[in-house]
Amino acid sequence: MEQDFYEITNDPLDVGEIARRIILPECGATVTLDGYVRKFTKGRETEHLVYEAYEPMALKEMEKLIQRAQENFEITNIGIVHRIGRLEIGETSVVISVASPHRRAAFEACEWLIKELKSTVPIWKKEVYADGEVWVEGEA
Amino acid sequence: MKVKVLFFGATADLTRKRQAEIEITEDAVAANVLEQIFAEFPSLVKHHDKKSLLFSINQEYSSGDEKIKEGDELAIFTAVSGG
Numbered sequence: 045m046e047q048d049f050y051e052i053t054n055d056p057l058d059v060g061e062i063a064r065r066i067i068l069p070e071c072g073a074t075v076t077l078d079g080y081v082r083k084f085t086k087g088r089e090t091e092h093l094v095y096e097a098y099e100p101m102a103l104k105e106m107e108k109l110i111q112r113a114q115e116n117f118e119i120t121n122i123g124i125v126h127r128i129g130r131l132e133i134g135e136t137s138v139v140i141s142v143a144s145p146h147r148r149a150a151f152e153a154c155e156w157l158i159k160e161l162k163s164t165v166p167i168w169k170k171e172v173y174a175d176g177e178v179w180v181e182g183e184a
Numbered sequence: 040m041k042v043k044v045l046f047f048g049a050t051a052d053l054t055r056k057r058q059a060e061i062e063i064t065e066d067a068v069a070a071n072v073l074e075q076i077f078a079e080f081p082s083l084v085k086h087h088d089k090k091s092l093l094f095s096i097n098q099e100y101s102s103g104d105e106k107i108k109e110g111d112e113l114a115i116f117t118a119v120s121g122g
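Residue numbers (the working numbering), protein chains in the order written: chain A, 45 to 184; chain B, 40 to 122.
Do not rely on the hints blindly, as some may be mistaken.
What the hints assert, rightly or not - With a straight-line cut-off of 20 angstroms between C-alpha atoms, the simulated EDC-like cross-links for lysine to aspartate or glutamate are:
#1 K162/A with E99/A
#2 K90/B with E183/A
#3 K104/A with E112/B
#4 K104/A with E99/B
As the list claims (entries may be wrong) - Derived Cβ-Cβ restraints for the label pairs, each shown as a range:
#5 K41/B with D58/A: 36 to 46 angstroms
#6 K41/B with S163/A: 29 to 39 angstroms
#7 G103/B with E89/A: 38 to 48 angstroms
#8 E60/B with H146/A: 46 to 56 angstroms
#9 Q58/B with F84/A: 30 to 40 angstroms
#10 G103/B with S163/A: 10 to 20 angstroms
#11 K108/B with R64/A: 41 to 51 angstroms
#12 V178/A with A78/B: 19 to 29 angstroms
#13 R112/A with E65/B: 32 to 42 angstroms
#14 R64/A with E65/B: 49 to 59 angstroms
#15 K159/A with E112/B: 20 to 30 angstroms
Unchecked claim - Not close to chain B: a few residues of chain A, all C-beta gaps over 10 angstroms, as computed:
#16 D48
#17 E51
#18 D55
#19 P56
#20 L68
#21 R88
#22 E89
#23 A149
For the record, the hints were derived by calculation from the structure and aren't laboratory data.
Heads up, the beta-carbon is just placed ideally off N, CA and C, and yes, glycines get one too.
Whole structure, please, built from the sequences with the hints as guidance.
Listed below in structure tokens is the structure:
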């Protein structure tokens with residue numbers, strides 16, 4: 045759709061602003077995922093995260109995800125923004141907003157989009173601990 | 040002929056490079072070039088099962104049988120972990 049958007053940025057994400065960008069008169073609900081940096085993963089304490097993207101390919105993969113979601117769900121608009129660079133605990137790393145006439149399709153599409161994003165979009169996260177760091181490998 | 044290979048995250052750390060240029064033969068397919076990259080950068084397979092590494096050609100995931108052309112942009116990386 046014309047109002048779909050997908051972006052990668054180094055700047056802090058404003059969740060409300062991203063969610064508001066996709067609203068249309070024919071929509072009745074927007075479902076927004078606010079993914080942020082967790083302090084404890086499997087009991088280990090993370091100090092901060094570093095995200096890195098293969099940016100041109102990541103944008104292409106985001107575009108494909110949006111096309112597939114538009115084909116498979118009764119939704120109107122989608123916005124996906126991923127932040128990269130250094131992120132502190134609690135900061136938003138990814139926002140996915142889906143607007144639709146009825147909420148159920150938006151919930152389902154949002155869940156599908158984050159699941160697919162985590163296995164197809166070439167972005168990697170490094171967890172930095174007090175005593176070391178590790179690039180997290182996905183489950184693809 | 041020459042192609043560019045990009046590394047990200049764990050593969051950039053292992054090779055200590057963000058990118059490299061490699062010389063390949065005219066009729067090379069993706070799987071051949073991948074083996075060549077493993078030979079030139081043994082640290083990649085020292086730390087990872089070959090099957091766990093992902094490979095792309097001109098920003099599209101590779102199935103392994105594509106023909107590689109002069110100037111192609113290849114990339115090799117671990118399973119993605121965004122979100």
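Going through the hints against the structure:
no.	hint	in the structure
1	K162/A with E99/A	holds (15 angstroms)
2	K90/B with E183/A	holds (12 angstroms)
3	K104/A with E112/B	holds (15 angstroms)
4	K104/A with E99/B	holds (8 angstroms)
5	K41/B with D58/A: 36 to 46 angstroms	holds (43 angstroms)
6	K41/B with S163/A: 29 to 39 angstroms	holds (32 angstroms)
7	G103/B with E89/A: 38 to 48 angstroms	holds (40 angstroms)
8	E60/B with H146/A: 46 to 56 angstroms	holds (53 angstroms)
9	Q58/B with F84/A: 30 to 40 angstroms	holds (35 angstroms)
10	G103/B with S163/A: 10 to 20 angstroms	holds (19 angstroms)
11	K108/B with R64/A: 41 to 51 angstroms	holds (44 angstroms)
12	V178/A with A78/B: 19 to 29 angstroms	holds (26 angstroms)
13	R112/A with E65/B: 32 to 42 angstroms	holds (36 angstroms)
14	R64/A with E65/B: 49 to 59 angstroms	holds (54 angstroms)
15	K159/A with E112/B: 20 to 30 angstroms	holds (28 angstroms)
16	D48	holds (19 angstroms)
17	E51	holds (13 angstroms)
18	D55	holds (17 angstroms)
19	P56	holds (17 angstroms)
20	L68	holds (26 angstroms)
21	R88	holds (15 angstroms)
22	E89	holds (18 angstroms)
23	A149	holds (21 angstroms)
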